[in-house]
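Undergrad: Protein sequence lines, in the order shown, are assigned to chains R and U. Residues in the first sequence are numbered consecutively from 1, following the working numbering. Residues in the second sequence are numbered consecutively from 1, following the working numbering.
Note that these hints are calculated values from the structure, not bench results.
Taking lysine to aspartate or glutamate pairs in the EDC-like style, the calculated list, with each CA pair at most 16 angstroms apart, reads: (1) R:K442 x U:D27; (2) R:K88 x R:D63; (3) R:K330 x R:E317; (4) U:K160 x R:E555; (5) R:K585 x U:D163.
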Amino acid sequence: MVSFAETFKIKEMKKLLIFLLLIGSAQSLLAEELGKDLQRTAWNSIFGKFLGETKKPIIFRNDIAVRLDGKCSAVDSACIVELIQDLKVVIPTRKIYFTDDEANLIFNINGEHHGRITAMDATGYSIHSTQNFCEFQSDVPKEVRKKVLYYMLCRSLVEFSPGKSGTTGISGCVFDEKGPDDIRYPNIDRPFDSFILKTLYADDFQEQFKNYFVKHASYRMYLIQMYHNELDNAFLLLGLLLSTILLSILIIKGAFKPHQWNWLVYNKQGLFLIAIGVLYTFCLGWSDLSFDDKDLGNLENLIISSLLAINLIFFAEKVLLKSGLAGISKITVNFSITLLVLAIVSFPVRYGWSLEAIIYNIPLRYNSLLPYILSVSLGRALYIFINDRYKSVINQKDVELAQMNELQKQAELQSLRARINPHFLYNALNSIASLATTDPLKTEKMALALSDFFKYAINREQIQFNSLQEELNAIRTYLEIEKVRFGDRLNFEIDCEPGFLDIPIPQLLIQPLVENAIKHGLSQITENGFIKVSIVQEEQKLGIRIYDNGQAFPEGPLPGFGIRNTQERIALLYGSKASMNWENKPEKFIGLSLPIENHELNQQ
Amino acid sequence: MHVYRPMDSLATKYRTLIADDEQPARDRLRKLLAEYPDKIELIGEAQNGMECREMIRHLKPDLLFLDIQMPGLNGFEVLQQSDHSPIVIFCTAFDEFALKAFETNSIDYIVKPVKPERIQKSIEKLDTLKVNSDREGLLRIIDNYLGQTPKKEITSIPVKLGDRMLFVRIEDILYFSAEDKYVTIYSKEGKTYLCNLSLKSLEEKLEDKFLRIHRSLLINVSRIKEIDKYFGSRFIVKIDDSGQTKLTSGRNYYEQIKEIMEI
Chain R
1 MVSFAETFKI KEMKKLLIFL LLIGSAQSLL AEELGKDLQR TAWNSIFGKF
51 LGETKKPIIF RNDIAVRLDG KCSAVDSACI VELIQDLKVV IPTRKIYFTD
101 DEANLIFNIN GEHHGRITAM DATGYSIHST QNFCEFQSDV PKEVRKKVLY
151 YMLCRSLVEF SPGKSGTTGI SGCVFDEKGP DDIRYPNIDR PFDSFILKTL
201 YADDFQEQFK NYFVKHASYR MYLIQMYHNE LDNAFLLLGL LLSTILLSIL
251 IIKGAFKPHQ WNWLVYNKQG LFLIAIGVLY TFCLGWSDLS FDDKDLGNLE
301 NLIISSLLAI NLIFFAEKVL LKSGLAGISK ITVNFSITLL VLAIVSFPVR
351 YGWSLEAIIY NIPLRYNSLL PYILSVSLGR ALYIFINDRY KSVINQKDVE
401 LAQMNELQKQ AELQSLRARI NPHFLYNALN SIASLATTDP LKTEKMALAL
451 SDFFKYAINR EQIQFNSLQE ELNAIRTYLE IEKVRFGDRL NFEIDCEPGF
501 LDIPIPQLLI QPLVENAIKH GLSQITENGF IKVSIVQEEQ KLGIRIYDNG
551 QAFPEGPLPG FGIRNTQERI ALLYGSKASM NWENKPEKFI GLSLPIENHE
601 LNQQ
Chain U
1 MHVYRPMDSL ATKYRTLIAD DEQPARDRLR KLLAEYPDKI ELIGEAQNGM
51 ECREMIRHLK PDLLFLDIQM PGLNGFEVLQ QSDHSPIVIF CTAFDEFALK
101 AFETNSIDYI VKPVKPERIQ KSIEKLDTLK VNSDREGLLR IIDNYLGQTP
151 KKEITSIPVK LGDRMLFVRI EDILYFSAED KYVTIYSKEG KTYLCNLSLK
201 SLEEKLEDKF LRIHRSLLIN VSRIKEIDKY FGSRFIVKID DSGQTKLTSG
251 RNYYEQIKEI MEI
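Extracted from the complex, chain U is given alone in its bound form:
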């Protein structure tokens, strides 16, 4: 933790904090900001999220150059956990979704590698707009962004087979069946794998591709061949596999299946 003593307490200077986990990135930013001694007063550099949160609390900076990807807490989490809200300029490597969020909400950001002109522009903007930090607005945008970011697509499920590990492709899975404590994976090759995950957690993570049709059955929607009505508010689901598997849905899942399959 580096804390600089204020050299001059001129009100026009921005008491500035840099937060980045990479030493060269901090070095570069510090050097570039040194070009504006009358505007920027560097009061500290944080090497990770936790450190940054502590420094915001203690130093209450006016301006924060914040890297998003940091160990411990990331940039967004730091802001969510801080009471004090400085003006924030995000510094980040290319991130399509984050940049889109910043652009549409006029939040200032700098893309690495940092160019001197870009720093100059940001500092000029500080002067002309005299942007007051809108903490509520920023948090809302962050929430919004985190909610919108597409979760990275689930592509496989690791399965232990003795001392080797197999990554069963999601698209090759016909359905999961819960038996006792274990969940059995039925693959399109007719193989079965045991895994010790719960059907509930699988359902949450695979919600857009898989459908729960029974207390103990979670099936791959793209592998459904046919759904027929059955007595007692149930369905017979035919799976598109070589064995022509037929699964019977549970009564409690009638409405869900009806809704999703648009029957």
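If we strip away everything but chain R, and leave its shape as in the complex, we get:
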């Protein structure tokens, strides 16, 4: 059994062994023995320093021809040749050679100035040529010359990606230091430098990069690293799309109906908007899949500030707009208040509730926030404007529709009005003709009654309502005319409480029912016919009943339009407050029940 401590010791020992081994092979540029940790560091450096937007390192894509210019000595040439020899092992994928002729990697040792000029081609990741400038005093030893040239060579072979400034974390690494003086050469980090160069120049660099990420992190991390910008854009787009869709659905579903200054309704609508804002923020955060406390703090600030904002807007507008401001001035108030409130409240979203931070950041903040605040305020004003316009158009349409309905109702009522049966006139005139020679007085009475009745029935002024008294008078006249025809076969009685006589009644509403009672009831019996018109109060309603002792009402389908018209007329005039009924037993009657206005009841 090996104890844990022992295992640990063994591990440490191994590390130490590898470490020593690395030191031992320090002279070699071969990097096969690079440890796992160093490999990871190297990969992180590659990712951090050399991979830009294109995800391709900026290296020589063609053969590398090296030339020495200027006051170069034989020692320098020897150093370069040695370095190229080493490099050939590290970068087997390029032909690297020393030349006096045409070259793309030039060391100019003229001492005029220091530095490196690099020309790249249009792709942005391929070095066209590089010229290095440096100066050596004549007494500089070979070791130092080789170190400087090594530095320049390595730095020439790969350029940092623009804007990338990560460090390798390995002190003395050639890719970390600002100048050749700081690098350690030769040192244990040379395998590290070599590993980086070898990897960057490998034909299957992309493949290696991917494998490394997938192996050590995950495929997802690889994708995130590779397509960070695309993901950023995609999630931004997704956020915008989701927010827009949600907002549209909410608007269509009527979530933003006028709140009528109802605080709860208004806040509910505000919460919908805040929820959309939170969703949008989440979408932005998802792109790097790393929500930390700072993000959550921002979110919290966002929610609190938004709540504060909508309530400030609510109360400010309530005070300013409840008086009934409309049109452009209303929109102006909406816009100004939104702008003002957002300008005030937007600070804590970013900086929390620290007054110091807010004051410190004011100039900075307005530059970045003003377009946002302006567009939100304008958007809100526009939405309210369109909503108001839409509402006023709807209102107008409603009014028009109501007017049309009223006209149609009037036309329907007109068509449902009772018309006097011409037979009645023929029969009455026949009676007058027969009375004329025998009973002048009765004839006169009859002719006048007929005149009265038609005056009422023709209704030249198209009056819709008459008092109950007028209607009952017309009915009495009608019955008297009919009594001349029917003689003893027709007896009638009209009962009405005097308090009801002033109640308005639709013109000729009752008379057709009386006419029906004669036509279908009494005219079918041979003697002692009896009709009674009775007006009584039924609970809160006016009960009108016409009794007769004639033929019973039929069962089943009804022909003709008389009774049907009467029902439709009261339905149009009174809605469901009026009703109609008939009974055959114990007494035969047909009845109407009409609503009475309260003040009319009180008059009794």
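Chain R is already provided as a structure; the job is to place chain U on it using the hints.
TA: Just chain U now, with coordinates in the frame of chain R:
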């Protein structure tokens, strides 16, 4: 019942009966006929149909002034129920269909209010034509007339709803469905009403507008949207309502539906 004694039994005089349920109408006719004492011998006045039938049987008049609209029996029914057949002159208020029937069959008629000239013309016609009453012909015309008269159009069905009555418009009814003892009315507003009429009687009264498609279904023809064939000699009838109701016809009604819908 007024019965006059014959004053003179001259063969040329027409023993005349007046039948009208309205006193003034009788008075007027009597007075106008009194202008022709040598032609008209008034033997009685009947106040309603039953009385008229009895008087015809007992008095056997030659001439009858007959009102059509009378309580009890109407003018036509009186004639149908009488063995004796006098010459008939109908007296009636304006009735489009009756007048048309009389005109096309040369039956004499007088329209109220009665004018003296019209009476004179009728009596002159009696003399010149010496019209013998053709009882069979008259009855045939009456039958014909009664058969032809368009029944008054059915417009609504009264439905009791508690203490109120509703008149459901015929055109608003989608269909009737018989369930147990009751018939349910399905209206276009999606409402249903119960009524205690039989489907058979409804079918008879509404035959031109409604179609029986099942033992328990009577549907409004004007509300049919579509008829599709279905297996087993049946049809699926789609109703033109908001609920897109579908009704299945009965096997026994296959031929009827086919014929009426001209499928």
